[in-house]
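Colleague: So the chains spell out like this:
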Amino acid sequence: MRATREVRSLPAADVPVVLTRQGPHGPVVCACNDAATARGVRAGDRVVDAQAINPDLHVEPADLEADARLVERLVHWARRWCPWSVQDGRDGLILDMTGSTHLFGGERAVLRDMCQRFALQGLSVQVAMAPTRGAAQALARYGNARMICGPDDVGDCLASLPVQALRIGGTPLSVLTRLGLKTIGLLAGVPRAALMRRFATLPQDQNPLVLLDRALGRSPDPLNGPADPVHFMARTRLGEPVIDPYPHLQGLVNGLCDALGEAEQGARQVVLTIYRIDSECRHVPLTMARPTRDPVHLRRLFEGKLDSIDPGFGFDLLTLSATRVEPVSRIQDRLDGKRDTQADVAGLVDRLSARLGRDKVTWSTWVQSHSPERVEGRVPALAGAPVPPEAEVEVDRPLRLLDPAEEVQVLYAVPEGPPQQFRWRRVVYRAVRHAGPERIAPEWWRDRPGTRLRDYYKVEVQGGRRFWLYREGVVHDGRGGTPRWFVHGMFA
Amino acid sequence: MENRETYGQVVSLPPRSADVATAQPLVQGPCALTDVHPLGLADPAGMGFVLAQLPQDAGPVLWVQDHASRRENGRPYMPGMRGFGLRVPVLQVRVSHPRDVLWAMEEGAGCGGLSAIVGEVHGAPQVLDFTATKRLALRGEKSGVPIYLIRSGDGGVLSAARERWRVSSLPSDAHPHDPRAPGALRWQAELFRARNRAPGRWQASYDADRPSAADRLHLVSEADVGALDAGHPRSAELARG
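These protein sequence lines map, in sequence, to chains A and B. Just so it is clear: in the first sequence, position 350 is 350 by our numbering, and no numbers are missing. Just so it is clear: in the second sequence, position 220 is 220 by our numbering, and no numbers are missing.
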């Protein structure tokens, strides 16, 4: 089964499209559509070569991580057809359909259903059914469309396929090719003892004989599927529609926290859903800085969040589900009986973010930049713990920064020199002492062209205040007229 | 043998001299709620004074700022604050109304994991009245987290703060290497209302390079000790000395 994600409205089917990834010598083709395949483009080609041959080639960068995440999700989604499924390679799924085909009306109907449902999601698939795992993946990748192979004709079905279909690669593949064993049928005809002698030193997953035995069902190859993710949810069904959700919240929160506690999990994100009787629903999401299953804390986070919900004619179903969970053990982590102060801070972050908004409660993040206003960024406190900067700023920096910098009228003795007097917010300050200039050039890789450099001065005025002023540009730098002056910050 | 007459008796020692008492007073450890009034427009001296008293090795600091204060005084700049000696992370909360500043500070006051709470409010809003500050002070006393309230543009309305300071910048010391450059900073700090101690006025200097946090803020009493009025028993002594 091969999944190619069609992300957005791509060109028509007859336009050749390739997805690229970075190779050691520039971008290479990672996947291509049917039109590109028909023109002779293959995965692994260099993009410049393919573009030289096909000037109308549509090139898009591939998002391999998103593809991997998608396949991971599809593994669980595919359990609609059978109880066990597992990822196969980078782009395949193996489903153990034993005993479940009759639920969908037979093997052929199951395969048709699979193709349809994947097509509805915008995914093109190649499916095949076989008694063994190795045979199924070989037939899906190299065989005819929707091939179904019975338990007795595995050898016949595989006979005409190339040996690469068994995932034989590298040295054994070149050895087999040199010997003229190009198809599985030829390989199966060779006496076992001869194969065993030649490939005895190879590991299991590269040994042609072992791979052949697995594909033909002569040695076991069981499926070890990942466990289903548990969905934590509490629900309250009401006999009569009601308007006020608050009285039912405590029960929901208790139910969810009990379920989380049994599984030793904590919720990072919960969603309260209110189903109105006019078949509308409203969602109230909440995010926590640390996984929690404390019912009092969760209940408190919902304070005031439900006032803005329009209950309409009332609602009769409430669900509270944990959409993101992380393991939290029930083991006691302190012996002195004191409170866990980090949990206290995380709880505070939750409450502040729930009431004020996620972007209002922030930690500092550090950016490698020369520009003083870019050095410090803000990251929502819900996203994680604060990180200290990699390196301290060694130069003198003000305690306060004006954002944006405010323009001032300046008197100076020489245009390139420090200010003698400036007027800021309608107050005139007379400079007494100054340090500087500290010249900060614009970052050409980030700023617009024509951005002027800055000369920063630390200026102490009469009375003792210390300002951080800068002159934007120098005279005759060819980037505008007379340089302007700004107050950017204040020192203590 | 002369001591035989006084042996075993209680001898009362003379009281400490006034100089010692007034020259080494200041920061006696944090109190529940401290008001800091910066004098002058957008003067970060008050902020520096608060930073100088923050603990250096404990949990994060909660820093709440309302929109007016941010517009008038600028935002706290972490590279500068780290250069000032602050090593703990700062949880910044930015709100639009002073009411939310008070709410966030009250929430923080109940959290034992914080090392301090700093709130900034500009222009003496209605909500920041005696009752609100009293609530804050009581919460701070209960949890033991020191709370600082920087009230810019505020003439000093009623407050239940345990200590109230006015802080302004003074001309800095001479730079050791460059006579034209400003040197080590100095502030004037005036304690104009306090619960458990006499008010006074000091010249403060700050040295971020000292290893111990207690040594960094250095306060020297000003010559005219405004706190000691004429009725004070030590005022005459001070005037002579």
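Keep in mind that the hints are not guaranteed to be accurate.
Examples of chain B residues lying across from chain A (beta carbon under 10 Å, computed) [what the hints assert, rightly or not]:
1. F130
2. S168
3. N196
Here are the computed distance ranges between Cβ atoms for each label pair [what the hints assert, rightly or not]:
4. B:R135 to A:P311: 29 to 37 Å
5. B:R135 to A:R299: 39 to 47 Å
6. B:F130 to A:W444: 31 to 39 Å
7. A:A66 to B:F130: 54 to 62 Å
8. B:E222 to A:W444: 47 to 55 Å
9. A:Q342 to B:F130: 32 to 40 Å
10. A:P285 to B:E222: 41 to 49 Å
11. A:D403 to B:E222: 30 to 38 Å
Because the hints were derived from the structure by calculation, they are not lab data. Using N, Cα and C, we set each Cβ at its ideal position, and we do this for glycine too.
Colleague: None of the hints should be skipped; say for each whether it holds.
Modeller: A quick look at each hint next to the structure:
no.	hint	in the structure
1	F130	25 Å, violated
2	S168	8 Å, holds
3	N196	27 Å, violated
4	B:R135 to A:P311: 29 to 37 Å	33 Å, holds
5	B:R135 to A:R299: 39 to 47 Å	23 Å, violated
6	B:F130 to A:W444: 31 to 39 Å	56 Å, violated
7	A:A66 to B:F130: 54 to 62 Å	57 Å, holds
8	B:E222 to A:W444: 47 to 55 Å	52 Å, holds
9	A:Q342 to B:F130: 32 to 40 Å	35 Å, holds
10	A:P285 to B:E222: 41 to 49 Å	57 Å, violated
11	A:D403 to B:E222: 30 to 38 Å	36 Å, holds
This entry does not satisfy hints 1, 3, 5, 6, 10, going by the numbered hints stated previously.
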